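Q: Sequence:
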Amino acid sequence: MSHLVILVGDPFEKGTVLSLQEDSVIIGRSSKEGIPSLAFDNAFISRKHAVLTKMESGYYIEDTGSRHGTFVNGSPLTSFKKHELKHQDEISLSNGIVRLRYVESVLEETLELPAIPVENNTFDGRGTLDSVKNEWIINGECIKLTPKEFACLQSLLLSEAGYVSKQQLIAEVWPERTEQQGALSVSSEELNAVIYRLRKKVAPILQIQNIRGKGYELV
Numbered sequence: 000m001s002h003l004v005i006l007v008g009d010p011f012e013k014g015t016v017l018s019l020q021e022d023s024v025i026i027g028r029s030s031k032e033g034i035p036s037l038a039f040d041n042a043f044i045s046r047k048h049a050v051l052t053k054m055e056s057g058y059y060i061e062d063t064g065s066r067h068g069t070f071v072n073g074s075p076l077t078s079f080k081k082h083e084l085k086h087q088d089e090i091s092l093s094n095g096i097v098r099l100r101y102v103e104s105v106l107e108e109t110l111e112l113p114a115i116p117v118e119n120n121t122f123d124g125r126g127t128l129d130s131v132k133n134e135w136i137i138n139g140e141c142i143k144l145t146p147k148e149f150a151c152l153q154s155l156l157l158s159e160a161g162y163v164s165k166q167q168l169i170a171e172v173w174p175e176r177t178e179q180q181g182a183l184s185v186s187s188e189e190l191n192a193v194i195y196r197l198r199k200k201v202a203p204i205l206q207i208q209n210i211r212g213k214g215y216e217l218v
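In numbering that gives the first Met the number 0, the protein residues as written are 0 to 218.
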């Protein structure tokens with residue numbers, strides 16, 4: 000059976016393995032019109048960005064006229080033209096906002112993902128962050144966070160200046176976008192969306208306040 004391994008892509012954690020069990024798998028972004036087979040949370044991903052189609056020789060990928068493109072091993076695909084996937088091919092959507100690894104054989108033999116270090120950070124009166132499970136533990140309650148929400152909260156909790164600038168948050172929450180040459184810049188809407196979701200999860204214990212002209216702080 001073939002699989003997709005998530006390298007980068009909200010709301011999935013890095014290393015998530017998805018089995019390809021359908022003959023047609025639509026990759027895109029959720030909208031009022033519907034939810035694709037594999038949905039990512041990013042405005043730069045088209046509602047129907049690409050499609051995987053199972054044929055006799057294996058799976059083929061096809062860009063379905065997306066605005067920001069689909070790439071295989073760094074090469075852009077021609078829209079509406081099927082491209083055969085090979086074992087260990089890397090699929091990239093919108094200049095690396097989403098990155099997937101296509102694997103065909105037994106997972107234990109094919110996945111070469113780096114081990115995730117076990118590290119818990121405890122903050123006086125503000126709970127503990129579990130970097131393995133992406134959880135915030137406070138007052139005996141475990142609050143599940145997405146990788147982006149976790150990185151954002153961690154940055155705010157670790158801040159020695161009392162606040163974190165928007166530029167620093169973007170660099171720490173979206174390192175794959177700031178380090179990759181040619182990657183699309185992170186929009187204010189994307190940052191605001193993460194802050195909004197995180198505010199709902201940490202309230203009323205913590206509040207995230209916007210400091211005009213500076214960034215954000217925890218109170």
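There may be inaccurate statements among the hints.
[Stated by the list, open to error] With a straight-line Cα cutoff of 25 Å, these simulated PhoX-like cross-link-like pairs (lysine-lysine) come out:
#1 K132 / K199
#2 K81 / K132
#3 K143 / K199
Note that these hints are calculated values from the structure, not bench results. No experiment lies behind these values; they were computed from the predicted model shown.
Q: Please name the hints from earlier in the document that this structure breaks, with their numbers sorted from lowest to highest.
A: Hint check: 2 fails alone, others pass.
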